[in-house]
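Enquirer: Next come the chains, spelled out residue by residue.
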Amino acid sequence: DTAVSQTPKYLVTQMGNDKSIKCEQNLGHDTMYWYKQDSKKFLKIMFSYNNKELIINETVPNRFSPKSPDKAHLNLHINSLELGDSAVYFCASSTQETQYFGPGTRLLVL
Amino acid sequence: SQQGEEDPQALSIQEGENATMNCSYKTSINNLQWYRQNSGRGLVHLILIRSNEREKHSGRLRVTLDTSKKSSSLLITASRAADTASYFCATDAGSARQLTFGSGTQLTVLP
Chain A
30 DTAVSQTPKY LVTQMGNDKS IKCEQNLGHD TMYWYKQDSK KFLKIMFSYN NKELIINETV
90 PNRFSPKSPD KAHLNLHINS LELGDSAVYF CASSTQETQY FGPGTRLLVL
Chain B
10 SQQGEEDPQA LSIQEGENAT MNCSYKTSIN NLQWYRQNSG RGLVHLILIR SNEREKHSGR
70 LRVTLDTSKK SSSLLITASR AADTASYFCA TDAGSARQLT FGSGTQLTVL P
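Heads up: the protein sequence lines correspond to chains A and B, in order. Counting from 1, position 33 in the first sequence corresponds to residue 62 in our numbering; the numbering is continuous, with no gaps. Counting from 1, position 41 in the second sequence corresponds to residue 50 in our numbering; the numbering is continuous, with no gaps.
I should point out that these hints are in silico values taken from the structure, not numbers from a laboratory. Any given hint could be a false lead.
[As the list claims (entries may be wrong)] What follows is a set of in silico ranges between Cβ atoms, one per label pair, in the way DEER data are often shown:
| hint | chain 1 | residue 1 | chain 2 | residue 2 | range |
| --- | --- | --- | --- | --- | --- |
| 1 | B | Thr29 | A | Asn86 | 41 to 49 Å |
| 2 | A | Glu126 | B | Asp16 | 22 to 30 Å |
| 3 | B | Gly68 | A | Asp47 | 42 to 50 Å |
| 4 | B | Thr29 | A | Asn91 | 27 to 35 Å |
| 5 | A | Leu112 | B | Ser33 | 30 to 38 Å |
| 6 | A | Ile85 | B | Lys35 | 18 to 26 Å |
| 7 | A | Ser34 | B | Pro17 | 32 to 40 Å |
| 8 | A | Asn86 | B | Glu14 | 16 to 24 Å |
The C-beta atom is built at its ideal place from N, Cα and C for all residues, glycine as well.
Extracted from the complex, chain B is given alone in its bound form:
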């Protein structure tokens, strides 16, 4: 079963606005990661947050993690048309280096 559920399934915003995507998961985790998938392409790693961290920044990305609520959010600030993609959270919960992916959020940034 899917470990992560993402919300919303689809998000459409204007260029320059901020985009927030949420991820909920079910079990304890070692870390949570966010990936981006452009249409017709493979997934690209964006950012990793460990279970003992609460917030992390990378450029225009800000990730938060609330382990008590088993949830994470990805904020993209000052969005650009090039940010249009699907965004997936993925949880690392075991020792086999296996990731379990969420259902994804399709982000569309309108120019």
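The following block holds chain A by itself, in its conformation from the complex:
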């Protein structure tokens, strides 16, 4: 009965690889987000997706692309992974003002 779930929980991969992180919410929310949290715990929004409208943080490299097959899912695909991509990635969803976060995916790029 998890509200916002992410898979995988841990992801260790080599530089240059392409990987995806999946996110699903069963709350019926219409807006979903991806955040990146670095080693200093700074949390930065990467994308928000609402009714097929994608809002992209301008600082996000175009190697990152969100894909939403339906309203309950917002997956994150990352091409050509770099060392600096190592972080914890959080998915979240909201219907009004507050956001509900997933447990996070810990990505380590070697």
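The hints should help you fit chain B onto chain A, whose structure is shown.
Expert: Coordinates of chain B only, in the frame set by chain A:
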């Protein structure tokens, strides 16, 4: 850039004491929210205060908002070891339902 800056970065207190964390932000906001993050977990929403409100309570939490100073504070009364976590303020300043998070305060409550 970070909208919110939190102070202190880290706070260590004894169980039963009160903990106060402060948040400053830069632009006009619709509301300000506080979230808690336990180690290795996602963020959990605690409380929301709107720009036309000055104070709000929820259980042992008390939040104040001073829009003239662009600052907010979170008070946790009678702290417990289980309150040990990172606490983040987040501001809602636009129409895209996007939040901008502060740098967080790491609270440690010693038993």
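Enquirer: Hints first: check each against the structure and report whether it holds.
Expert: Hints, one by one, checked against the model:
1. B:Thr29 / A:Asn86: 41 to 49 Å: 31 Å, violated
2. A:Glu126 / B:Asp16: 22 to 30 Å: Given about 24 Å between the Cβ atoms, the range holds.
3. B:Gly68 / A:Asp47: 42 to 50 Å: Holds, since Gly68 of chain B and Asp47 of chain A (Cβ atoms, about 45 Å apart) stay within the stated range.
4. B:Thr29 / A:Asn91: 27 to 35 Å: Roughly 42 Å apart at Cβ, these two residues miss the hinted range, so it is violated.
5. A:Leu112 / B:Ser33: 30 to 38 Å: For Ser33 of chain B against Leu112 of chain A, whose Cβ atoms are near 33 Å apart, the range 30 to 38 Å holds.
6. A:Ile85 / B:Lys35: 18 to 26 Å: 22 Å, holds
7. A:Ser34 / B:Pro17: 32 to 40 Å: 34 Å, holds
8. A:Asn86 / B:Glu14: 16 to 24 Å: Since Asn86 of chain A and Glu14 of chain B have Cβ atoms about 19 Å apart, the given range 16 to 24 Å holds.
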